[in-house]
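Engineer: Chains A and B, in that order, are what the protein sequence lines are.
In terms of our numbering, the first sequence is numbered consecutively and its last residue is 256.
In terms of our numbering, the second sequence is numbered consecutively and its last residue is 445.
Please keep in mind that the hints were generated in silico from the structure rather than gathered at the bench.
Here the structure is a predicted model, which is why all the values come from computation and not from measurement.
Check before you lean on any hint, since a few could be wrong.
Restraint ranges, calculated between C-beta atoms of paired labels, are given here [to be verified]:
#, chain 1, residue 1, chain 2, residue 2, range
1, B, Q112, A, G150, 49 to 59 Å
2, B, G361, A, S148, 51 to 61 Å
3, A, A16, B, K378, 31 to 41 Å
4, B, D440, A, P114, 15 to 25 Å
5, B, E360, A, I179, 44 to 54 Å
6, B, R428, A, S136, 36 to 46 Å
27 Å max Cα-Cα, derived BS3-like pairs, lysine-lysine [unchecked claim]:
#, chain 1, residue 1, chain 2, residue 2
7, B, K57, B, K171
8, B, K429, A, K119
9, A, K101, B, K429
10, B, K171, B, K378
11, B, K41, B, K57
12, B, K87, B, K171
Computed footprint of chain A on chain B, listed as stretches where at least three residues anywhere in the stretch have a Cβ under 8 Å from a Cβ of chain A [stated by the list, open to error]:
#, region
13, 8-18
14, 233-239
Cβ atoms here follow ideal geometry from the backbone N, Cα and C, with glycine treated the same way.
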Amino acid sequence: MMLNINDLQARVEEKAILKGINLQINPGEVHAIMGPNGSGKSSLASVLAGRESYEVTGGSVTFDGKDLLDMSPEVRAREGLFLAFQYPVEIPGVSNMQFLKAAVTEHRAHKGLPPFTPKEFLAFVKEKQQLVQFDSQLMNRSLNEGFSGGEKKRNEILQLAMLEPKLSILDETDSGLDIDALRIVSEGVNKLRSKDNAFLIITHYQRLLDYIVPDFVHVLYNGRIVRSGTRELALELEEKGYDWLKEEMHLQEPVQ
Amino acid sequence: MTNTLTSPIIAQLPGVFEQHLSDRKQAEPASLLTQRDEAFKTFMLKGFPAYRTEEWKYTNVAPFLQEAFSFDTTTTVANTTVEELLKAAIPAGLDAYTLVCVNGKFQKELSQVPAEADVQITTVSAAIEAGAYAPHFNTEYDYKHTFEDLNTALFEEGMMIVVKKGASVDKPMHIIHLYHHSSPLFAQTRQLWVVEEGAQAQIIETLVDPASNNAVLFNNNVTEIVTEATANLQHYQLQTALHHVRIVHQTRVHQHEDSVYSHFAFIMSSAAFTRNNIDIVHVGEHIETNLYGFYLASEQQLIDNHTAVHHAKPNCNSNELYKGVLLDKAVGVFNGKIFVHQDAQKTNAFQQNNNMILSEGAMVYTKPQLEIYADDVKCSHGTTIGQVSEEALFYLKSRGIGEAAARNMLVHAFAYDVTAQITVPAIRKYIEQIADEYLDTFANN
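Next comes chain B alone, as it looks inside the complex (with noise of 0.2 Å):
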């Protein structure tokens, strides 16, 4: 069954990759225009993703994308607005390097960044130049996702992050994602990182997108990770934007031996859609992944996660457990993947979908997914989807805690798990402070 996508957008395309081609003639290699070209071709072949195709079959994009949305990020805001709103974004005691974009593009001058000797930290435009880009741009690998094409066609701007071998950076590095537009924004935002051979790592990501701007954005990010041999790389996504926000972000990590990834996503916002795509390969031995989620979805709410992560080298390692919790008329999507390939001996991969639904209206569509092609391997997956338990409720009423209390209690002590894996308290005590507050405001709606 195909279903096509209908938008002003698709007739819309055509024009705008033209002109940002022509635009790019003279500042871009060709290699990476020929990309562009070839991406946006199988975009074009492929069109939005289709509802109920196999990748998108809970979850229907077309309404995100009926906005006359404009392309251009270019846009110039006041130093003093932003500061105010970097303010707002940067959680309670966290002891952090800065470092901000804003419509996708590093500002250097409004950053505060780690020293250079262990941080090189530059826009993309900038990257390309210096010829730093190409190596682990768009990196070849079987499958790219349909927004991932669309990206590498029309991205405009983004953040190259290198953390120089064998750094150890002091301090996380907090990236805040500023937007600043008055008519809906289609924005294409790319960033890459490698953090080199021994070095390590924390980056945190936090996506701002005012009210005040009063217009939709739809965010159409890519980030491109490699961590280097015994590197070691922390990776948190603070999910927490506004209604008006529509969130496509694509994770692709490339791992090389004895290497460490692990990615912290969390999603307490309330934006009206958001699908993460975390796609990891392993290209060595010895590696370690560990992918940690909580989502907390209320009123109309679409959360949709999916991970995937390949197994290709013998004697590695991949722990995953999402948990969501689920209100109102909120439908959370998770499926995650793990293939083990035929090389893959000795693998442990393990992974865990836990689901709390506290309202008869929402869903939750779970799909764990384990193809081995390998024969001495340990792997298993789960899911499971429950409420909150009536005896545990009434055993914290019998103590005097009243119902709202006991009820984030129990949320708190489901998220426990995931939230016990934070290494930076002041982000623990953030991620626990919003929780508290979203589930405060469903329960006095």
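Chain A with its partners taken away, still in its complex shape (with noise of 0.2 Å):
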């Protein structure tokens, strides 16, 4: 197993956001996330990446047999975890080709290999840069700055290419994207998908999951998943909306 979620729980300040969750990932598959806004989706993938702003309050999360609550930020990047931003942020000054030489160098050190010439940098470049449809020009822009909604996704994809790991978080990849960016993007996902890596896909619509096909599909309520599913789930909550689940589980759910 790659990741094992077992009864996470976490807040923000005080506001309980992660109720208990419990998820497990194996290499190969990709798990599609979904559920109404405010139900924690975005916050567990925070949780996973590492945001200092969450505090865990309860449970565990091993990523490759390793605890990794217990590491840094940087560190859960090093061992294999990726998240795609919502929010890519945007750092006037750096400019993208030295962000992402910074990043490689660092997991290239990780895995004990030496860094690039920048020779070998730039036919890697190259190579995913033409994998993801990114466009060249962006490359010596400053990091994210004046780029488009598409053109931002776009580039988390080309990291994503870059720094190969082991499992991918998209988190609402797909907002703020027009048709034709959200198939570059998926192709670019789908182009990467391997037997070795695994893909956790947040998503409020169904239409991302037209275009990468998840293996299953979890609806989170309320910091809780409570129902999972195959792809058939996601059309399923696409026909009917989130409005039956709520009213589903207020009945469950203690009167407060």
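Build the complex from these two chains, which are given one at a time in their own frames, with help from the hints.
Structural biologist: So this is what it looks like as structure tokens:
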């Protein structure tokens, strides 16, 4: 098993956000997490990546057998966990190229590999750039600065391609994308799928799952996974919305 | 509120000055001796700047003046020692002429100078003798700083550079100010640079006071600069001195029509105290002034940058950008003044000071000031104080970049607007490398 989330609980400030998540992901699998706004989808992504504003209050997460929660965000990344941000950050003054080089060098060092020579690095960038159809003009620009929504998301996928993670978490990668951009991003992800890596796709809509077909779909509601199934579950949600789920759940929740 | 500075130096000064003057009676023209005398009287009347007066509101100079200072800059130092120190002071890959001053005095035999047809370099005493000095020395303008008066009264030696009319100096000139002393030294050094009509030059300055001196250096330097019509001067100050160095540096520039003066101040030292004053006066039209600064301060350092641009004539541009990063318990002070005089219509004047505070105990006092007396001008000024963006830091870390490296990256990015203006690649590399080392030291403490 690659990722084992066991009864994970977390809060932001005083507010409990995750209330006991259980999820297992094996190599080669694509899992989708769906759910209404505010259900905790993005919080789960943030907690797994190690965002400091979240405090884990219970449960455990192992990643390839190691305690994930014990690692700093940079170590999680070097161990092979990747988060594609819902809102990629703009950093004026840091060039995209310089940033990618620093990240790749750290990953290689972690594996005991020497840094790429400039020539090797350029060849590597070029190969990955083509894979995700990333405009080479954007390479020497400041990181994400002035990029369109689609360019930012494509840049996330480019980073994913370059860092070759074991587990990629895509946090609402489809938000703010038009249909063409969505297709390009999805094609990039599909090309990167293999029997050795896994994806956790967080999305509000079914649409993305037409392009990246998941093996499993989970519904997150109020900090818990309330239902798991196959791709059909996503279609059912698309058809019926989330309201039926809310009603069903409220009956089960104790009156507060 | 007045606050009189007490220091043993106050009682010492009249005797020092009297001796100084009598030593020079034979060598210097009467006019210079008179100026020295007047400057000294003015200084004694005002005294060292009192803490909390407007110009020194956040900068208390008193703690830096408590040693039993010597004013004697005469020294002999082995050439081999000098050569070793020089090597360490030259940025890797910098192809430049090297002009060496020891305790303020230009040393021709240690220097590699440009062709005499392009640039004339002499000691101040030789320039005084030749009569070339007086026309540009201590030029009258409404306000002189206290330390400037003290310098005029007491300066012993220095260097005069004249870039000849129409000359375009093929390589930058790197001035290395080397100090050699074994007891606390109060050094008044003086420079006068004239860039004649149509001439172009780049001047880089570095101060070296090696740890082996083992005693405090208080360097009160005045550099007077004239850019004649259509001249272009780039002036880089690389302040990288060690902890025992205290600096008051005055740069006073008179710009004539169509000239360009660009000043780059990089303060990445361990010096306990740095005060830089830059005063620019426009005496012609169509002038361009660029002032760029980047300062890094840590531990208990005090770094104070005061700049003033006097737009006295129409159709001139000035552009100022100072950025600072404050660590530990360091204090940064920025004061930028732009005066747009009544005649100075069609002035474009921009000023910006941005600060990044990386430690809870660090502080910055910043005051951009704009005084406009003309009615058809474009001026702006602004200041910010912020921190490293946590979101940006997390983004970098989430890609495997370590905390310290990510922080360095963001500081470099912050400084980028300033470092990108450097036109000498070796200097840019040097600045970025020193900044890295500086931040690494901070991260490892």
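Engineer: If a hint holds in the structure, say so; if it doesn't, say that too.
Structural biologist: Against the structure, the hints:
The given range of 49 to 59 Å is respected by Q112/B and G150/A, whose C-beta atoms sit roughly 56 Å from each other. For the hinted restraint 51 to 61 Å between G361/B and S148/A, the CB-CB distance of approximately 42 Å leaves it violated. Between A16/A and K378/B the Cβ separation comes to about 54 Å, which falls outside the hinted range of 31 to 41 Å. Here the CB-CB span from D440/B to P114/A is close to 21 Å, well matched to the stated 15 to 25 Å.
Separation of E360/B from I179/A is about 49 Å and conforms to the stated range, judged on CB atoms against 44 to 54 Å. Here the CB-CB span from R428/B to S136/A is close to 25 Å, at odds with the stated 36 to 46 Å. Taking the CA atoms of K57/B and K171/B, the gap is about 41 Å. The hint is violated against a cut of 27 Å. With a CA separation close to 21 Å, the supplied pair K429/B and K119/A stays within the 27 Å bound.
Distance restraint check for K101/A and K429/B: the Cα-Cα separation of roughly 18 Å lies within the 27 Å cut-off, and the hinted pair is therefore satisfied. The straight-line distance between the Cα atoms of K171/B and K378/B is roughly 36 Å, outside the 27 Å bound, and the hint therefore fails. Straight-line distance between C-alpha atoms of K41/B and K57/B comes to about 24 Å, which keeps the hinted pair within the 27 Å bound. Pair hint K87/B plus K171/B holds up; C-alpha atoms about 18 Å apart against a cutoff of 27 Å.
Coverage of the region 8-18 of chain B by chain A is violated in this model, with 0 residues showing a Cβ closer than 8 Å to a Cβ of that chain against a need of three. Here the region 233-239 of chain B counts 0 residues with a CB under 8 Å from a CB of chain A, which misses the bar of 3, and the coverage is violated.
Of the numbered hints stated above, those contradicted by the structure are hints 2, 3, 6, 7, 10, 13, 14, listed in ascending order.
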